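As given, the protein sequences belong to chains S and X, one line each in that order.
Under the numbering used here, think of the first position of the first sequence as -10, with each following residue one higher.
Under the numbering used here, think of the first position of the second sequence as 2, with each following residue one higher.
The set of hints was computed from the structure by calculation and includes no laboratory data.
Remember, predicted model here, so these are calculated numbers, not experimental data.
Be careful, since some hints might not be right.
[To be verified] Pairs of lysine-lysine, PhoX-like flavour, derived with a Cα cap of 20 Å:
id : chain 1 : residue 1 : chain 2 : residue 2
1  : S       : Lys173    : S       : Lys224
2  : S       : Lys200    : X       : Lys184
3  : S       : Lys200    : S       : Lys173
4  : S       : Lys218    : S       : Lys173
5  : S       : Lys200    : S       : Lys218
6  : S       : Lys198    : S       : Lys186
7  : X       : Lys184    : S       : Lys136
8  : S       : Lys198    : X       : Lys184
9  : S       : Lys173    : S       : Lys198
Chain by chain, the residues:
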Amino acid sequence: MTPERRITSFVGFEIEASRTTRSLTDFLTKFCANFGLEHATYYCRTPLQTNESRELLHTTYPKEWITHYFANDYQFCDPVLVQGQSSLLPFSWDTLDLEAPEARNVFSSALEFGVCGSGLTIPIRGCMNETAMFSICSNTQGEAWSKFLAETLTDLVYSAHLIHYHASHLHGLAHQTKSERLSKREAEVLRWAARGKTAWETARILNLKEKTVSFYISNACAKLQVATKCQAVAKVITEGQIIL
Amino acid sequence: MLLVSHAAQKDIHASTFDQMFRLRAEQFSTRRGWRVSVDAGREIDRFDALNPLYICLLDQEGRLLASLRLLPTIGPHMLSDVFPEVMGETGIVRNPLVWESSRFCVDTNAIRDFGDDGINIVTRAILGGLFATARSAGLEQVISVYDIFVERILRRSGCQFERLGPVVKYDDLKTVAGLFAVKENPLSNITQGRRAVTGLLAA
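My request is simple: use the sequences and hints to build the entire structure.
Following this line, the structure appears as structure tokens:
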């Protein structure tokens, strides 16, 4: 029923080990190596509740490119940033509007620094309406790239949110402290999962459809910011949120 | 034709957005008598200020036939902030793979041009756009809150969904919450909707 989520499992496991902001960049390097990607970038502009606006950036791009990027104020005309800030939908970079010369220039300069290939950006809209984004870059092109995206999109979107949650937490940002309690149904399905019941068995016990049970499990994982049902069970029991 | 657009792009699609806010006023306030606030013939609420994504179905002359609005459940949305009771024991959803559809409306005058089956044709087309968009966002499910009249329209169109909580009366209007699977939905493969979406699922 639930498709295999290789990327989510990897992120859920590896990101817990990132205890410093430095190790978050190391995590991205490992992430790329594991999934055959060239680069990965996490960027967040924190909400403007105060006058102070903070930006978070973790990336595997070469230092020379980053320096060149900010020295030339590319952050104001980079079409990826422009679309990523206003969009809710993930977008492949080959769909970007490169009409404006400044926008085209960002991409041609990137090429000179060896940063090229296909790209995907997942915009993240957080619980405080803050915007962040997660981008990946690959040397795969054409059909192979489209196929990779079609197969991994859900996985990547969920992973992007896990990375955002973890990064916000590491940087001590206010918006991550707000966590929603598990609902009655979410706690109930996890209690049965903890006793070893499958989604199908839980559906029989609670007189629900199996896919409704999977929906509750998915929602519980999201609230707990974990990748898998096992991690969710471990976390709720450790935190005392459910009693067996 | 389907238009998938963020609120932030409203200047580019000014005419369509204006038609949408007018249609919402006409359908929700005038026709159905919901207690929504209408200003200068347009219905706009606080969720429209959160840069949601809209899906609009237009005819060849650019006349709006139907529209709806999508909000991520991670942030404020109608089921968390306005109608939590209809979710019953399901509770509030906060999941990046689940978005909420709201403000679904169909122009009941315009659909007459499509014959007796007009309502179903238009509903299927816009829901096809909804599911295509949801797929391009990598979503697993869509949730929504509506009255039982809309529920009947959705059911007749062939869309598959289930109720998540009890029937709750708001202003004497029987209201329910629905869960829509994205990938397995029969309306998910309508080709009309897919071309409009960002190219991720261009195949």
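Hint-by-hint comparison with the structure:
1. Of the pairs offered as hints, the one joining Lys173 (chain S) and Lys224 (chain S) holds, with about 17 Å between alpha carbons and a cut-off of 20 Å not exceeded.
2. With a C-alpha separation of about 12 Å, the suggested pairing of Lys200 (chain S) with Lys184 (chain X) holds against the 20 Å cut-off.
3. A distance of roughly 17 Å separates the Cα atoms of Lys200 (chain S) and Lys173 (chain S); the hinted pair therefore holds under the 20 Å criterion.
4. For the proposed pair Lys218 (chain S) and Lys173 (chain S), the alpha carbon gap of about 17 Å is at most 20 Å, so the pair holds.
5. For the proposed pair Lys200 (chain S) and Lys218 (chain S), the alpha carbon gap of about 15 Å is at most 20 Å, so the pair holds.
6. For the proposed pair Lys198 (chain S) and Lys186 (chain S), the alpha carbon gap of about 15 Å is at most 20 Å, so the pair holds.
7. Between Lys184 (chain X) and Lys136 (chain S) the CA atoms are separated by roughly 16 Å; this keeps the pair inside 20 Å, and the hint holds.
8. For the hint linking Lys198 (chain S) to Lys184 (chain X), the alpha-carbon distance of about 17 Å falls within 20 Å, and the restraint holds.
9. About 17 Å separates the Cα atoms of Lys173 (chain S) and Lys198 (chain S), which keeps this hinted pair within 20 Å; it holds.
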